[in-house]
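Peer 1: So the protein sequences, as listed, match chains S and F.
Quick note on my numbering: the first sequence kicks off at 1333 and runs consecutively.
Quick note on my numbering: the second sequence kicks off at 2 and runs consecutively.
Pairs of lysine-lysine, DSSO-like flavour, derived with a Cα cap of 27 Å:
#, chain 1, residue 1, chain 2, residue 2
1, F, Lys-23, F, Lys-33
2, F, Lys-23, F, Lys-213
3, F, Lys-136, S, Lys-1565
4, F, Lys-33, F, Lys-230
5, F, Lys-213, F, Lys-33
6, F, Lys-213, F, Lys-230
7, F, Lys-213, F, Lys-229
8, F, Lys-141, S, Lys-1565
9, F, Lys-164, S, Lys-1565
Just a sample of chain S residues kept apart from chain F, beta carbon distances all over 10 Å, derived:
#, residue
10, Glu-1413
11, Asp-1462
12, Val-1489
13, Phe-1692
What the hints contain is simulated information worked out from the structure, not anything from laboratory work.
We put the CB at the ideal spot given by N, CA and C, even for glycine.
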Amino acid sequence: MATKKLDPLIEAPLTTEAVAVSGRRMSDSRPEGWINKIRYNLQFVRGRGAFEIGIVFVAIIVVFSIISAVNPKGFPFLKAENLSGVLTQSVPMLAILSIAVGILMVAGEFDLSLGFAITFNAIVFVRFTDMFGVWVGVIGGILSGVFIALVNAVIVVYTRIPSFIATLGMGFFWGGASIFINGTNAALLNPELTKDGNPFEFIFAHDFGTFRSQVVWLLILTVIAWFFLHRHKLGNHIFAVGGNSAAARAISINPNRVKLLAWTVYGLLSGFASVLFVARIPSVQPGGNATADFTLFAVAAAVVGGTSLLGGRGSVIGMVVGAALIEVIKNGLILAKAPGFYLQLFVGVTIVIAAIFNRFMEGKAS
Amino acid sequence: MATPLIELSNVTKSFGPVDVLKGVNFSVEEGKVTALVGDNGAGKSTLIKGLSGVQPYDGGNVSFRGEEVHIRSPRQASAMGIEVVYQDLALCENLDIVQNMFLGREELNAGTLDEASMEFAAQKALQSLSVRTVKSVRQKVSSLSGGQRQTVAIARSVLRNAKMVILDEPTAALGVAQTEQVLNLVRRLADNGIAVVIISHNLADVFEVADKISVLYLGQMVAHIDAKKTTRDEVVAYITGSKTPEGVA
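Chain S extracted, bound-state conformation (with noise of 0.2 Å):
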């Protein structure tokens, strides 16, 4: 293209003119041949990483389908009951937890307190159930993570103080509340909502033969999530201020405004989280022990899913892949009935793997 010399420099800011090409790569050099256009349609894809897990996770799903095809009574992965008995109950819970803790992580922020902050969320969502309602229980438990993190958010964005050690004190903190406004026995769901036909359990934990209602809630907040993050210009902000937060104050971007967005959609999703747990599992321990795990097996499955700890990187695919790799993994195991420390050895080695291949990429995309 000829560029006339010291035309008007540019009629900016241009008027969104609708630019009629077919594919969106517009760039004076093209690249030639498919091979090198899947290269290089591949470098662009945001939050890289998302695709190269991808394809571990569908080798693992085919292998396991192959070996289950062949033995189905050794390793009966395909079998209904395994699928809607575990996997589509744990997945949907994890990939939850991971899209959420990876927004954050994005942002530039962590949280260590998700796991005492699901037990507090639970216990609030069934105390609420008890005196108001179910549907008044639900929207309870989702406000109080919301309101978990918002206390969070605010610590670390006002103090600037960690938010590794912030979190870290505050999970303490909600662990001992969720006693204190319960008491040491465990809250349980009153039993009628998690029968056949009830219209909580239709919602959150229906069972349709091989899958159950939690895929159909993820499959809704991975689309909801892919768009904030990667479709709305909130979400671009939310890069810009994990990658470099003073260059987006710079451009007038309010860092602090973006980051409590990102500890608010947090907060919403893993409130909703702690709704879907207790529709799997009705009964609430009090005290955070029995939910600590989610915190860190979270962070694994956004790192797994190529999400940057440092912040500024990460894909919503990525982090729901992330979390099914892990979970079909730990089921696997545990139908080919390794003992449970296998399970720890593997997602170890999952982990540590996976954040070196990040930055083996991180560095190749320099």
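Based on the hints, put chain F in the right spot on chain S.
Peer 2: Okay, now just chain F, sitting in the frame of chain S:
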């Protein structure tokens, strides 16, 4: 050009007991490159921060196209068309060129980002500046060289419809060829009618690109001279304080 784009008269700024700007007069014209020089601590940064709204002045008058204005925030300065390209560039390395150029003022289509329009506009902005060193507007900024980053930062100010672009040490970290590119770019900005202020310690660069040279010395504007009618030695004398407006000290 009768009235300058922006004119400062007698502006002051102090931090506690320290008077950094002691009544500075300064003016910038459209289509001209004005170099702001001075030794460390002379008040260059403070003067610029006042213009960009980061640290408003304590006293004095600022007029924009002859009308008196008070610049209180970066957002306001930006709305007036004053853009600053900072020394550390203020780009997000984890984002690509298009995202960086449109950060904070994304083009939307039905509520979602309109990548195609933004890509097109970014491409056009870079072309209008005759930038050909960037391979793709979808490159991450982390993969760009210092000169390319500077280019992107300048192009961003163009996209933002700047009337005045302030460049803080744009060539400080660049090699010879890249410096040349950036200076060409600065010239091109001015040729397109934008008022350009360039802060630099490198007098070779200043003389290559500037129309006017303003010298700050200890918080006072000691010279505002035509680049063609002065010499390097004279400017150095003003910077070091061995020459004052009244004559040789």
